[in-house]
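Chemist: Chain residues, written in single-letter form:
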Amino acid sequence: MKTKRNLPGFLLLLAAAGIFSGCAQTTANTVESATPRAQISPEQMRKVTTDSSLGRAVVPVMLSTGKADDGSTFKVQIQVQNQTRSTAYVNYRVDWFDAQGMALPGYNPPMKPLAIEGGEIKSIAAVAPSPKAVDFRFTFLERKGD
Amino acid sequence: MKKLTFSLMAAAALLAGCSEEAQYIDSTGTSVVVSVDKVDIQDFKIAADGLLQSLYDSPAFTNAPRTPPILAISKVTNDTSTQFETDILLSEIRSSITRSGKAEVSAIIGYGGRAQDEMAKEAKAAGEFEAGSAPVNLRPDFTLTGKIMEVKASAGRTKQVTYAFQMTLVRVSTGSIVWEEQKLITKQGTKAAVGM
Chain A
1 MKTKRNLPGF LLLLAAAGIF SGCAQTTANT VESATPRAQI SPEQMRKVTT
51 DSSLGRAVVP VMLSTGKADD GSTFKVQIQV QNQTRSTAYV NYRVDWFDAQ
101 GMALPGYNPP MKPLAIEGGE IKSIAAVAPS PKAVDFRFTF LERKGD
Chain B
1 MKKLTFSLMA AAALLAGCSE EAQYIDSTGT SVVVSVDKVD IQDFKIAADG
51 LLQSLYDSPA FTNAPRTPPI LAISKVTNDT STQFETDILL SEIRSSITRS
101 GKAEVSAIIG YGGRAQDEMA KEAKAAGEFE AGSAPVNLRP DFTLTGKIME
151 VKASAGRTKQ VTYAFQMTLV RVSTGSIVWE EQKLITKQGT KAAVGM
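Protein sequences, first through last, are from chains A and B. If you're matching positions, the first sequence starts at 1 in our numbering and goes up one per residue. If you're matching positions, the second sequence starts at 1 in our numbering and goes up one per residue.
Watch out, some of these pointers could steer you wrong.
To be verified - Straight-line Cα separation of at most 30 Å, DSBU-like style, residue types lysine-lysine; simulated pairs:
(1) A:K112 with B:K152
(2) B:K183 with A:K112
(3) B:K159 with A:K122
(4) B:K152 with A:K75
(5) A:K122 with A:K144
(6) A:K75 with B:K187
As the list claims (entries may be wrong) - Listed next, the stretches of chain B that the computed footprint assigns to chain A, with coverage defined by at least 3 CB atoms under 8 Å from CB atoms of chain A:
(7) 37-48
(8) 88-100
(9) 178-184
Simulated from the structure, these hints should not be mistaken for lab results. Being a predicted model, the structure only gives us computed values, none of them experimental. Glycine is no exception: its CB is placed at the ideal position from the N, C-alpha and C atoms.
So that you can see chain B by itself, here it is in the shape it has in the complex (with noise of 0.2 Å):
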C-alpha cells in the first residue's frame, strides 16, 4: 500500500512538472517559439530591426527636398505559401521611422489612393475648403515599398525555410531607388521549438 502510494505521488509530481501552464513572456525575448513552417513575431522584429538599421546608416534621407521629408508606404507584398498581415512589419517600420525624425510618415496618401487614415484626409480637405484656400500639395517626397518572399528545401526529416524581406526606397522626383535591402531569415529544424 505504501509503495502504491508512493509511485501515485512519484506520478503525481511528474506529471505537474509536465504540464505548462500559460504565461506572459517577452515578445522580443528568447522564450519564444520558433516554427519552421511560418513566419514568427520575432521574425518581423528582427527583420524589421535589420532592415531600418540599413536605412538608417544610408544618407537616403538626405538631400531631400524638405526637412524632414515626407515618405508614404506603398505595397508590401506577401509571396510566402502562409497568410499573414503584412502590417506587423510596417508598423514597426512606420513607427521607427516616425520617432527617429528622419521623416514624416504621411497617413492620408497611401497605395492606390487609400489614405491610412481617411478621417485626417477629409478633415485636411474640408479645412481647405472652409479656408477657401487651393488644396496644398502634399506630395510624398519619398514612397517605400516591400515583398516578402521565401525559399523552402528539406534533407530527410529536416526542414528549412528562408524569408527574405526586401524594402525599397523610391525619390518620388525622379523616381529612382535610393536605398534597398534585403534581409534573409533562415530557420532550420525538424518541428517547432520553444526559445531561440
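This is chain A alone, in the form it adopts within the complex (with noise of 0.2 Å):
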C-alpha cells in the first residue's frame, strides 16, 4: 500500500536520474607546463563575431604562425577553447590569399567538423598548399541543427 501511494515519486526520481545520466556534460581537465620551451610567436588576432553562442563555444585564445618542416612553406595555429560546460560541434575552414589578397585560384578549401569538449583548448594547424599564400582567414560555423 506504502509503495503504490510511493510509486508516482519513485518514478519522478528514475526519470530524473534517467535524464540527468542521458545529460552528463563533460568538460575537460588540462596539465601542461608552466614553462613551457616551445619557441611560438603570437600574432595579434582580429576576431569578427556574428554568432554569440558560437563565440563562447570556440574562443580563439592564440594564434601562432611557421614554417613547415620544408623550411618554406607557411604555417599557421590557432588555439580555441570551448568555455562552454557542452561539448560543441562546429565546422571550421581555412582561407589562403596571396601577396595581392586575391583568394588562391583553384584552391576549394573544405569545411571539416571539429568537436571540442566543454572547457577544452583544440589546436587546429594548417599548411599553405602553395608558397605564394602569405595571409589567411579561419572561419567557424556551427554545425547544421545546433
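Given two chains presented individually in distinct reference frames, assemble the corresponding complex, making use of the accompanying hints.
Modeler: So, in C-alpha cells, the structure goes:
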C-alpha cells in the first residue's frame, strides 16, 4: 500500500536520474608545463563574431605562425577553447590569400568537422597549399541543427 | 464553407513549405548531404585536404635529385564495400601538388605502364624518333600510392562507419617510404541527413 502511494514519486526520481545520466556533461581538465619550451611566434588576432553562442564555444586563445619542415611553406596554428560546459560541434575552414590579397586560385578549402569538449583547448594547424600564400582566415560555423 | 477554404489554404501552404525544389549548393559548404553508409563528396575533399596538409608539412620533397621532382601516381585501391571512382580523390591530390609547385606530376608514367595521357606519351616518343635522339629518361623521382578502407560498427539503430584514407610516398632511387599519412573520417547516425 505504502509502495503504491510512493510510486509516482519513485517514477519521477527514476526519470530524473535517467535524464541526468543522459545529459551528463563532460568537460576537459588539462595539465601542461608552466614554463613552455616552445618558441612561439604569437600573432595579433582580429576577430569578427556574428554568432554569440558559437563565440563562447570556440574562443581563439592564441594564434601563431611558422614554417613547415621544408623550411619554406607558411604554416599557421590557432588554439581555440570551448568556454561552455557542453561539447561543441562546429565546422571550420581555412582560406588562403596571396600577396595581393586574392584568394588562391583553384583552391576550394572544404568545411571540416570539429568537436571540442567543454573547457577543452584544441589546436588547429594548417599548412599553406602554395608558397604564394601569405595570409589566411579561419572561419567557424555551428553545426547544422545545433 | 469558409472553414473548409481556410483549412485547404493552410494545408496547401504547409505542403508548399515541405516540398524542396532542386537547387545548387556549394560542394565545399555545410549544406551537403551526409550519408552514414557511403563516402560523400565532402569526405574526399576533407581527406585530400588533410593528406595534402601533412605532405606539405613534411620534408618529403626536399633533397630530391631535381627541382621540381617528378612524381608518378601509382594505384589507389578502394577496399570499402561501396563502389566509387578513386580518381575523385586523386584529382584533388594531383591538382593541388601541381599548383603548389612542389613536384611535377607525370602524365606519361602510370601504374602498370598506363599513361594518364596516351597522346602525350606518343608525342614524346615521336618527337624523339624524329630528332634521332635517345629517349630521355623520365623515370619518376617519387611514386604515390593509396588505399581507402572502412570499419563499420553499430549500436542499436545507430550506425557508424570510419573511412581510412591512406597515402604513401616512395622515393624511387631507394625504394623507401619518405612520407605516409592516414586520415580517418568517422560518421555516425541512423540515416542520411542534409547539412554538416
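Chemist: Compare the structure with each hint and give your call.
Modeler: Going down the list of hints, with the structure as the test:
{"no.": "1", "hint": "A:K112 with B:K152", "in the structure": "holds, 21 Å"}
{"no.": "2", "hint": "B:K183 with A:K112", "in the structure": "holds, 12 Å"}
{"no.": "3", "hint": "B:K159 with A:K122", "in the structure": "holds, 27 Å"}
{"no.": "4", "hint": "B:K152 with A:K75", "in the structure": "violated, 34 Å"}
{"no.": "5", "hint": "A:K122 with A:K144", "in the structure": "holds, 21 Å"}
{"no.": "6", "hint": "A:K75 with B:K187", "in the structure": "holds, 28 Å"}
{"no.": "7", "hint": "37-48", "in the structure": "holds (count 3)"}
{"no.": "8", "hint": "88-100", "in the structure": "holds (count 4)"}
{"no.": "9", "hint": "178-184", "in the structure": "violated (count 0)"}
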